[in-house]
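In the order they appear, the protein sequences are chains S and E. For the first sequence, position 734 (counting from the first letter as 1) is numbered 734 according to my numbering, and the numbering increases by one without interruption. For the second sequence, position 77 (counting from the first letter as 1) is numbered 77 according to my numbering, and the numbering increases by one without interruption.
It is worth saying that the hints were derived from the structure and are not from the lab. There may be inaccurate statements among the hints.
[Said to hold, decoys possible] SDA-like cross-link-like pairs, simulated, lysine to any residue; straight-line CA separation at most 20 Å:
1) 100/E to 549/S
2) 100/E to 552/S
3) 100/E to 597/S
Listed below, chain by chain, are the residues.
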Amino acid sequence: MSKPAAPPPDRIDILLVDDRPENLLALEAVLAAPGYHLIKANSGDEALRYLLDHDPALILMDVQMPELDGYETASLIKNSRRTREIPIIFVTALNLDEQYVHKAYDHGAVDYVYKPFDAHILRSKVAVFADLARKTKRLVQTEILLRDAERKERERQIAELELKNLKRERAEQRKYRDLVEGIDHGVVWSIGAETQITTFVGPNSEKILGFPREAWNAEANFFLNHLHPDDRETFRAGLERTAVNRRGMEFDHRFLLANGGTLWLHTAIRRAKAVESDRPEIRALSVDITQLKLAEAALIRNKARSDFLAAASALLAESLDTEKTLAHFSRLAIGRVADFQSVDVLEDGATVRTVSLDASDEGLARELRGTGFRFPVSDVLRTGRSRFVPAVTEAMLDEWFVDGGARRQVGELHPLSLIVTPIPVRGRFVGTLTFVATSVPYEEADLTMAEDLGRRAGTALENAALYVQTQEAVRARDEFLSIASHELKTPLTPLKLQTQSLRRALNLGAIETPGGEKIIRMLDSSDRQIARISRLIDDLLDISRINSGKMQLTFEEFLLSDLLRDTVDRFAEEIKIARCTVTLECDSDIRVQWDRFRIEQVVVNLLTNAIKYGAGSGIEIRAQESEGVVIFSVRDHGIGIAEADQARVFGRFERAVSGSHFGGLGLGLYIVTQILEAHGGSISLKSRTGMGSTFTVRLATRFSSEDRTGSAYASPLANRKPTTSAVATDAPLAAAGKH
Amino acid sequence: MSRVIFVIEDEKDIRESLAEAIESEGYSTLTAPNGMDAILMFEDEARIPEKMPDLILLDLLMPRMNGATFLERARRNKRLAKIPVVLMTTDREAAQKATKYGAAGHLHKPLGLDELYSTIEKYCLH
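I would like the entire structure built from these sequences, with the hints used as guidance.
Laid out in structure tokens, this is it:
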């Protein structure tokens with residue numbers, strides 16, 4: 001039995017098993033073919049031994065053999081897992097009894113060949129199995145090849161992936177490095193959390209901080225040591241906390257540069273493990289935020305400026321007490337836009353007087369106020385141009401302050417920056433505003449603000465002066481009116497007495513004279529004209545009283561019906577002349593507590609208006625009381641008042657009808673309104689052109705400050721004594737349209 | 001016996017018109033051109049009039065001594081203290097002024113005969 005070491009592929013190994021050599025030879029002769037490799041075994045035992053380490057494609061086996069016969073050998077072959085699948089063809093000379101055939105198949109045979117065998121059939125059968133074996137073998141080889149290819153592909157892919165990862169990792173590292181090194185406005189650095197020794201510094205350190213990387217290694221706590229002293233403690237505490245805390249921290253702080261300058265940095269720190277040593281370290285990124293801080297500071301200063309400008313403008317506009325206002329103005333400036341502020345004004349065109357002066361240091365301000373201390377302002381006063389000194393030098397101070405005391409004082413003030421700006425009033429420069437800063441220098445924007453304030457101060461001074469002049473003029477006018485009315489009335493008194501005496505004498509027949517009737521009519525007319533002049537004078541005086549807040553009310557209790565009837569009776573003559581008829585409807589028991597004389601004035605005004613504008617028609621006067629409120633109205637059927645003019649008639653010097661046709665000063669309804677408001681009452685008008693007018697007065701029966709709070713009777717006199725009252729000065733401005 | 005009305009008024013025309021009108025109704029009058037003259041008439045024993053006035057009509061604004069001062073002095077004079085005084089003023093606020101200076105009544109200039117007579121009647125009856 002030969003044992004080929006490496007059978008060529010596609011070779012079919014066929015095991016021939018027979019105890020007789022001649023049979024083996026015969027089989028060999030029949031089956032000899034180029035593709036077959038024939039292995040001969042002389043017994044079942046030998047066959048089995050061969051099969052221990054060979055896998056023939058087919059076994060041809062004699063059934064009848066000594067010791068192990070064909071069946072027993074086949075059974076053993078079939079029992080082995082490795083050889084179980086090898087097809088076995090039995091070659092037998094036994095009879096064709098079916099029982100043998102069955103036994104053979106039971107023992108794993110796939111086919112039968114009878115001796116003496118037909119060579120052709122044997123070859124054909126073997127060829128079938130050889131072909132099958134060859135195909136199977138190919139399949140197995142293909143599968144192996146496939147598996148192999150698959151494995152190789154996978155390995156290739158993995159390799160590719162690893163390569164890619166490696167590339168990406170490298171790219172990321174490069175990117176990170178670029179990033180760290182590319183932060184040109186920041187420095188990345190790290191220190192040992194326990195040692196405080198620098199473990200890494202970004203390449204920007206020299207560019208941004210002025211310190212080369214080596215400087216960081218020269219000392220522990222390098223970064224901390226170079227912080228602004230004011231920020232150092234906070235940062236140190238932050239480092240200590242970060243060393244034990246998971247959460248990082250961030251700071252805005254100042255850093256002292258190598259060149260002695262200062263930089264604002266925003267530093268974010270966090271704890272991490274050092275890559276090399278696995279020791280805890282603190283990593284930091286410090287970014288230059290100086291520009292941001294400057295912008296922020298500028299923003300804050302701008303806000304302070306505009307806030308101050310708004311507050312100062314309001315202050316200058318609201319008050320007319322110049323001295324107080326300017327003192328307040330100086331105080332307002334301190335701490336906001338200045339550390340020293342003074343207002344100096346030119347008096348009599350020659351001497352400069354300090355109106356107000358204030359400083360951050362109140363003690364110093366007090367001392368300066370007492371000594372006539374002043375920054376030089378005369379140039380500014382003369383030229384009207386501001387003086388702006390962003391950086392005040394010692395030499396300047398020496399030049400400005402010749403007096404030793406003042407030089408010492410200004411030294412205590414430590415002026416850094418100065419603005420002196422003029423206060424213009426109508427093209428002249430009447431004073432100056434001086435602003436001094438001791439910590440942050442002034443900029444152009446501060447100058448603009450100061451000049452704006454100078455102009456506003458000018459307007460305020462002008463307004464105050466005008467107000468004083470106006471007040472003086474008003475006082476002079478009121479005094480004049482008071483004297484004038486007295487003087488005008490003095491001649492009227494004897495005139496009236498004499499006219500009336502004369503008429504009386506004529507009536508009594510004391511003077512017998514021809515044309516007496518005519519003289520009586522003339523005297524009556526004189527009497528009426530005297531009364532009219534007298535009323536006009538009274539009106540003028542009342543206006544001046546109302547304006548100066550001097551109208552006094554004297555409250556007394558009386559029956560409204562008495563007052564109305566008396567008044568109508570008093571005007572009987574005028575009513576008759578105007579061809580009017582007056583209807584009076586008044587409840588007889590309306591008891592009121594008013595200023596009788598002033599309310600009578602109201603009724604007289606309304607009645608004379610009705611007579612004047614409603615001549616030739618009926619006049620109705622009605623009065624009624626309901627729940628403590630009296631409503632009385634005077635209605636005429638005259639020319640009426642156009643809607644557009646209705647609000648206006650209650651104003652001063654206003655008449656519904658223009659021109660001199662109806663006479664009068666146009667003060668009556670204005671005075672009426674003032675009197676009623678002083679009583680806590682009101683008046684309203686209902687009228688249509690050509691349809692007459694109705695004036696309606698509403699007035700509480702009793703003037704009481706308590707029950708008028710928040711009611712319809714709000715008047716400028718609320719909360720004053722109920723017995724005596726005065727019309728407030730500001731009432732006339734709001735009189736029109738209040739009814 | 002006729003009542004006596006004391007007219008204190010600096011304006012001659014007014015003073016005389018008033019006196020005339022008052023006398024034409026049957027009253028007697030005394031006159032003075034200012035407060036000082038008026039008060040002296042009752043403080044100087046030698047000058048005291050035979051008949052005491054029943055009513056004083058007093059102007060407010062006068063030279064030498066005005067109505068207000070006269071009223072103050074009159075209140076301290078035992079002869080004048082009880083005589084009612086009617087204050088005559090040119091403005092509509094005569095009432096307030098009368099109350100303020102302690103006068104019994106008031107007249108508003110220019111005054112008419114009716115007001116004059118009714119005022120005299122009113123105060124002389126008391």
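Find the hints from earlier in the document that the structure breaks and name them by number, from lowest to highest. When the structure is compared with the hints, none of them turns out to be violated.
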